[in-house]
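So the protein lines, in turn, are chains B and S. So in the numbering used here, the last one in the first sequence is 336, and the numbering has no gaps at all. So in the numbering used here, the last one in the second sequence is 422, and the numbering has no gaps at all.
To be clear, the hints were calculated from the coordinates, so they are not data collected in a lab. Note that the Cβ used here is the ideal one computed from N, Cα and C, for glycine as well. A hint or two may mislead.
Unchecked claim - Derived DSS-like pairs (lysine-lysine); straight-line CA-CA distance at most 30 Å:
| id | chain 1 | residue 1 | chain 2 | residue 2 |
| --- | --- | --- | --- | --- |
| 1 | S | K157 | B | K253 |
| 2 | B | K147 | S | K90 |
| 3 | B | K190 | B | K269 |
| 4 | S | K412 | B | K153 |
| 5 | S | K295 | B | K190 |
| 6 | S | K295 | B | K202 |
| 7 | B | K228 | S | K367 |
| 8 | S | K157 | B | K228 |
| 9 | S | K193 | B | K153 |
| 10 | S | K295 | S | K90 |
| 11 | S | K295 | B | K151 |
What the hints assert, rightly or not - Taking CB as the label site, the calculated pair distances span:
| id | chain 1 | residue 1 | chain 2 | residue 2 | range |
| --- | --- | --- | --- | --- | --- |
| 12 | S | Y91 | B | E215 | 22 to 32 Å |
| 13 | S | Q413 | B | R205 | 31 to 41 Å |
| 14 | S | P216 | B | K151 | 46 to 56 Å |
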Amino acid sequence: MNETEVTDKVDTLMDIKKVTLRFGGVKALSDVSFNIKESEIRAIIGPNGAGKSSMLNVINGFYTPQEGEIWFQGKRRPKLKPHQIAYQRIARTFQNIALFEGMTVLDNMMTGRMIYMKSGLLPQLLWWGKAEREETENRMIVERIIDFLEIQHIRKTPVGMLPYGLQKRVELGRALAAEPKLLLLDEPMAGMNNEEKEDMCRFILDVNEELGTSIALIEHDMGVVMDLADRVVVIDHGEKIADGLPDQVRNDQNVIDAYLGVAH
Amino acid sequence: MFYREVGEFKTSYPQDSESFAIGLDKYGYYFILIIAFGIIPFLVNDYWANAVFVPFLVWAVASLGLNILTGHCGQISLGTGGFMAVGAYSCYKLMTSFPDLNIIFCIIISGVITAAVGILFGIPSLRIKGFYLAVATLASQFFLVWLFNRVPWFYNYSASGQISTPERSVFGVLVTGPNVQPWAQYLICLLFAFGLAWGARNLTRGSLGRSWMATRDMDIAAEIIGVNLLKAKLSAFAISSFYIGIAGALFFSVYLGAVEATEAFGINQSFLVLFMIIIGGLGSILGSFIGAAFMVLFPVLLKNILVGWWQWDAAIATHLEFISVGILIIVFLIFEPHGLAQLWRLLKQKLRLWPYPH
Ligand SMILES: Nc1ncnc2c1ncn2[C@@H]1O[C@H](COP(=O)(O)OP(=O)(O)O)[C@@H](O)[C@H]1O
Ligand SMILES: [Mg+2]
Numbered sequence: 073m074n075e076t077e078v079t080d081k082v083d084t085l086m087d088i089k090k091v092t093l094r095f096g097g098v099k100a101l102s103d104v105s106f107n108i109k110e111s112e113i114r115a116i117i118g119p120n121g122a123g124k125s126s127m128l129n130v131i132n133g134f135y136t137p138q139e140g141e142i143w144f145q146g147k148r149r150p151k152l153k154p155h156q157i158a159y160q161r162i163a164r165t166f167q168n169i170a171l172f173e174g175m176t177v178l179d180n181m182m183t184g185r186m187i188y189m190k191s192g193l194l195p196q197l198l199w200w201g202k203a204e205r206e207e208t209e210n211r212m213i214v215e216r217i218i219d220f221l222e223i224q225h226i227r228k229t230p231v232g233m234l235p236y237g238l239q240k241r242v243e244l245g246r247a248l249a250a251e252p253k254l255l256l257l258d259e260p261m262a263g264m265n266n267e268e269k270e271d272m273c274r275f276i277l278d279v280n281e282e283l284g285t286s287i288a289l290i291e292h293d294m295g296v297v298m299d300l301a302d303r304v305v306v307i308d309h310g311e312k313i314a315d316g317l318p319d320q321v322r323n324d325q326n327v328i329d330a331y332l333g334v335a336h
Numbered sequence: 065m066f067y068r069e070v071g072e073f074k075t076s077y078p079q080d081s082e083s084f085a086i087g088l089d090k091y092g093y094y095f096i097l098i099i100a101f102g103i104i105p106f107l108v109n110d111y112w113a114n115a116v117f118v119p120f121l122v123w124a125v126a127s128l129g130l131n132i133l134t135g136h137c138g139q140i141s142l143g144t145g146g147f148m149a150v151g152a153y154s155c156y157k158l159m160t161s162f163p164d165l166n167i168i169f170c171i172i173i174s175g176v177i178t179a180a181v182g183i184l185f186g187i188p189s190l191r192i193k194g195f196y197l198a199v200a201t202l203a204s205q206f207f208l209v210w211l212f213n214r215v216p217w218f219y220n221y222s223a224s225g226q227i228s229t230p231e232r233s234v235f236g237v238l239v240t241g242p243n244v245q246p247w248a249q250y251l252i253c254l255l256f257a258f259g260l261a262w263g264a265r266n267l268t269r270g271s272l273g274r275s276w277m278a279t280r281d282m283d284i285a286a287e288i289i290g291v292n293l294l295k296a297k298l299s300a301f302a303i304s305s306f307y308i309g310i311a312g313a314l315f316f317s318v319y320l321g322a323v324e325a326t327e328a329f330g331i332n333q334s335f336l337v338l339f340m341i342i343i344g345g346l347g348s349i350l351g352s353f354i355g356a357a358f359m360v361l362f363p364v365l366l367k368n369i370l371v372g373w374w375q376w377d378a379a380i381a382t383h384l385e386f387i388s389v390g391i392l393i394i395v396f397l398i399f400e401p402h403g404l405a406q407l408w409r410l411l412k413q414k415l416r417l418w419p420y421p422h
């Protein structure tokens, strides 16, 4: 494995060290290590079933790896529940859209700000003092994201009624509402047409450039990966087979073999 | 043409999150409040209070409670009757143990006690969902009713096994007992129903309400956003039970005056409240009221028409009532899970555009 990339402690946001994840006999990840730097777009690529989504699930605490460590902001992360990890400002979208279907776009995004909601039961019951103030403050931040994503016209629409492409965008919005330090995007462009893809690329780049948010991006479209990613890690059959700059990775023999299905 | 937001502009976010988006809705709401508080109390007689208004308000409170749990948080419960029994028996014990405690406090504390019991019986929801949770809550229904029948302490060792309410008054006005005036029964139930509906509205539009709905719609996503599922589910159980406990306390002390657990709080009541929220509208405050009104009024209406006017046999009328409610439930579950409240909303949507279809 390529150890020269690792690491200048200051600008490493997350360090994934020798993570192994098993489901019964199946090894979804074996001994995978890589890091994500501050303000970078880190693509994770690999064939279907390689273990990419599982990696994200490990990062946000949904799966607990049998071996390995996760370091975040220079500290080793203890075992935490997903809702606790949310408070470290790690947000994500899902490969299969996981919006709150019965709620409006606005409510979905307001829910994305859950970690900032602190008012107690009584103020909420009476809609009074802190509860009302908090609602307005958070609404203003959500409205900025709504403007940024150009979804003003569907604010009050239940998300279940939206077309697929817009749902994907709203899901990004819900993740952004958490003002994440690390944003995990699981195939945000899958199933989109070219125009929608371009919009999505633009949003991802803008978020990264303007807010300095680190992004881990799973994506199959190589063109997109080459355009967006600062660095790429390639996973195949649960193992890391390459890690480096987009151009390096593209010309890597292991990667070419993996994508062409050559046995190894 | 008339139902419009023309000329209404929202200039701030607080305004935008107000409960009634369109002026006419707000006036309609005030209109109903004026009638409910200012006119009905002067007109209501014994028949209307006991056959219609008081049961309607009590069931509306129970529906609000179950709707928070099932409609907003997505946790099915068939324990409503049992939780109402907890409210009723708590109220009875409080009234008889502390004769000087104001009945209002007795009722509220009964709600708090029921909330605690609700949390206890809500713990299985952390592990099981859907059908299995329904069965678990059904078990709590039977257990609670059994408990209140079985332990004489709960009914103060009365020979009949019944509990009957002592006379209590608020500001010198009798609100419980055999000599209570219908308008006083009505008003105290109205006050509770109004206050609790207002509280439910506030809770469900704030962050706690969103954490419930997120849990209902997609618990995995809710969790990674920062919703503590344990807290969301148990708080829904607690607050839902608080409401249902108060409904039980009112049901016993203000409405019926004397109850016996099996009869008053059986499994039928659990289903009744479930039907109310399905027909009225899951996850809707208005729906809780519409559903309660429907389930209270429908039998009265049917009986008046079939038995009173057409001279049908009362038994046949009852059967017909069961059949039609059953059909309605199925129709709503399949075609309109958001119930009558949603139909009302759709109608308003149409009115907003009328007479121009686009
Ligand atoms: N919850 C799970 N239980 C059992 N096996 C799983 C689970 N999640 C993922 N896997 C397995 O782990 C492997 C990697 O899956 P995944 O991470 O979804 O791949 P990718 O996202 O790269 O397509 C697959 O073989 C999949 O079947
Ligand atoms: Mg995947």
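Outcome of the hint check:
1. K157/S with K253/B: 54 Å, violated
2. K147/B with K90/S: 54 Å, violated
3. K190/B with K269/B: 36 Å, violated
4. K412/S with K153/B: Violated. K412/S to K153/B sits at ~44 Å, over the 30 Å cutoff.
5. K295/S with K190/B: 14 Å, holds
6. K295/S with K202/B: 20 Å, holds
7. K228/B with K367/S: 43 Å, violated
8. K157/S with K228/B: 48 Å, violated
9. K193/S with K153/B: Roughly 20 Å separates the two Cα atoms, so the pair holds.
10. K295/S with K90/S: 34 Å, violated
11. K295/S with K151/B: 19 Å, holds
12. Y91/S with E215/B: 22 to 32 Å: Cβ of Y91/S to Cβ of E215/B: about 28 Å, so the range 22 to 32 Å holds.
13. Q413/S with R205/B: 31 to 41 Å: Roughly 32 Å apart at Cβ, these two residues keep to the hinted range, so it holds.
14. P216/S with K151/B: 46 to 56 Å: Cβ of P216/S to Cβ of K151/B: about 50 Å, so the range 46 to 56 Å holds.
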